[in-house]
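Participant: The primary structure of each chain is shown beneath.
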Amino acid sequence: MINIWEVNETNKMIEQENLDVRTITLGISLLDCIDSDLEQLNRNIYKKITDTAAKLVETGEEIERDYCIPVVNKRISVTPVALVGQAACKTPEDFVTIARTLDRAAKEVGVNFIGGYSALVSKGMTKGDEHLIRSIPKALSVTERVCSSVNVGSTKTGIDMDAVKLMGEIVLQTAEYTKENDSLGCAKLVIFCNAPDDNPFMAGAFHGVTEADAIINVGVSGPGVVKKSLERVRGENFETLCETIKKTAFKITRVGQLVAQEASRRMGIPFGIIDLSLAPTPAVGDSVAEILEEIGLEYAGAPGTTAALALLNDQVKKGGIMASSYVGGLSGAFIPVSEDQGMIDAVEAGALTLEKLEAMTCVCSVGLDMIAIPGDVPPSAISGIIADEMAIGMINQKTTAVRLIPVIGKKIGETVEFGGLLGHAPVMPVNRYGCEAFISRGGRIPAPIHSFKN
Amino acid sequence: MDKKADRTIITVVGKDTVGIIAGVCTYLAENGINVLDISQTIVQGFFNMMMIVDMNGAAKPFGQCAKELEQVGEKIGVSIKCQREEIFNKMHRI
Chain H
1 MINIWEVNET
11 NKMIEQENLD
21 VRTITLGISL
31 LDCIDSDLEQ
41 LNRNIYKKIT
51 DTAAKLVETG
61 EEIERDYCIP
71 VVNKRISVTP
81 VALVGQAACK
91 TPEDFVTIAR
101 TLDRAAKEVG
111 VNFIGGYSAL
121 VSKGMTKGDE
131 HLIRSIPKAL
141 SVTERVCSSV
151 NVGSTKTGID
161 MDAVKLMGEI
171 VLQTAEYTKE
181 NDSLGCAKLV
191 IFCNAPDDNP
201 FMAGAFHGVT
211 EADAIINVGV
221 SGPGVVKKSL
231 ERVRGENFET
241 LCETIKKTAF
251 KITRVGQLVA
261 QEASRRMGIP
271 FGIIDLSLAP
281 TPAVGDSVAE
291 ILEEIGLEYA
301 GAPGTTAALA
311 LLNDQVKKGG
321 IMASSYVGGL
331 SGAFIPVSED
341 QGMIDAVEAG
351 ALTLEKLEAM
361 TCVCSVGLDM
371 IAIPGDVPPS
381 AISGIIADEM
391 AIGMINQKTT
401 AVRLIPVIGK
411 KIGETVEFGG
421 LLGHAPVMPV
431 NRYGCEAFIS
441 RGGRIPAPIH
451 SFKN
Chain G
455 MDKKADRTII
465 TVVGKDTVGI
475 IAGVCTYLAE
485 NGINVLDISQ
495 TIVQGFFNMM
505 MIVDMNGAAK
515 PFGQCAKELE
525 QVGEKIGVSI
535 KCQREEIFNK
545 MHRI
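Protein chains in written order, with the working numbering: chain H, 1 to 454; chain G, 455 to 548.
One chain only, chain H, in its complex shape (with noise of 0.2 Å):
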């Protein structure tokens, strides 16, 4: 039987090292609401998400009346609206009413996002895919709670490059447009290579086409938790740090495992994945760069800062498989910059680099995420960035994501306030040569050798 000190220990984390489910994402498919009919079409979507989602929210504040145990967002993703809105969008304008019904529902229903304003174009785009993509600084303007996402590269494909390049340019016009709030809009804009079809987590999701026709994903959180656990092991070697990392993450995903399930049952509708990444949040004490201190660093970003995020991520992994039974989405060590104060914290000390964060993207999920850019950058650097970033997942076989803000008006230093879970970040700066003729060839860069590793 349960024992006090296993209650109190549970209580704890969650009282006092900032537990919590961090989201209840319902996927639900819209490819039957496929309409050559524009008007008809939204109906359908709207249909569809508030019928499919009603009882989400009631059941996320179920659980966390049940448990005592926070679900901090709860949320849906849908099917890449590029292919579902193809057959009746003909402009990006088409699209934008789209965006709206997918702000509208979400409103209904009392999500805070709205994930799979998405088009898949990682060998190429369909006339379609580029509406959509085009309509997106426009969308994002006009909309609240909708999250957008492009796939532009993968390791069975390669890179499409002309989708690069567009997206360079759809990144600065999403600023530009939502300039008024330190461009807010291009916190909502994930540009991805290999993006798994069932991630929960925000920006980034949408419910993939090889997705049943609802599900239940969970990702779970908890740096916190590691870091307190490490704090106890201080000054012992690797081993027992990596066992330590391994036990705290099988703990955490275990009540990950419990709300998922609970979720689906409350619901009827069935448990996809758990994720099992460790996402930070701007509140101290709940952020990865922390755990990387405590680890052995003096700021994330010194000397041994990749190798400390490869074997934190690895056991995060190790330790979350088991308490699972089924694992999937990014699943990894978020670094997101703005959303973490250590991160934030690291910047301002001027230890940690775009380039430094481009090379602990290596191992460990998902990307060069949240961070500020001048707003004077051109687009074909913003294009090369997120080149240099899927080359990276293409050749390691992983997901990797850009999430970059050129806040446009700022200069570097400069800070920049998100607000809530997107917190604030210092402007960095990027390398100022050019890359506008690698970028402006056009066309395909081929899919990579799978031997040969070195």
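Don't read these hints as lab results, they were simulated from the structure. Model, not experiment: these values are computed from the prediction. All clues stand as given, with none of them false.
Interface residues of chain G toward chain H, partial, derived using beta-carbon atoms under 8 Å:
(1) Ile463
(2) Asn502
(3) Met504
(4) Phe516
(5) Ala520
(6) Gln537
(7) Arg538
(8) Ile541
(9) Phe542
(10) Lys544
(11) His546
Listed below are the simulated DSS-like cross-link pairs for lysine-lysine, each with C-alpha atoms no more than 27 Å apart in a straight line:
(12) H/Lys317 x H/Lys453
(13) G/Lys521 x H/Lys55
(14) H/Lys318 x H/Lys453
(15) H/Lys228 x G/Lys535
(16) H/Lys55 x G/Lys535
(17) G/Lys521 x H/Lys12
(18) G/Lys469 x H/Lys12
(19) G/Lys514 x H/Lys55
(20) G/Lys529 x G/Lys469
(21) G/Lys535 x H/Lys247
(22) G/Lys529 x H/Lys12
(23) H/Lys12 x G/Lys535
(24) H/Lys228 x G/Lys469
Just so it is clear, CB atoms sit at the ideal spot from N, CA and C, and this is done for glycine as well.
Start from chain H and add chain G according to the hints.
Facilitator: Just chain G now, with coordinates in the frame of chain H:
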């Protein structure tokens, strides 16, 4: 739902005073909640109690009992928390 899945853990934490257990147990008795196990210690001067209870015969739904127990706690000056047992079983048992 089977009987075991309906077991609830009640934790009571706060400054030690007269009548904490009496106060909590009176509420449980009045509402048809059966106590299966109690353990209690004092940690650094703080009263710390865990009860395993069976709410199958409870007169009120879980959410209401949890809220009312919280209010009972406020009156005594301790914090009372009601959680379904599975969260602890999941975390601490393979």
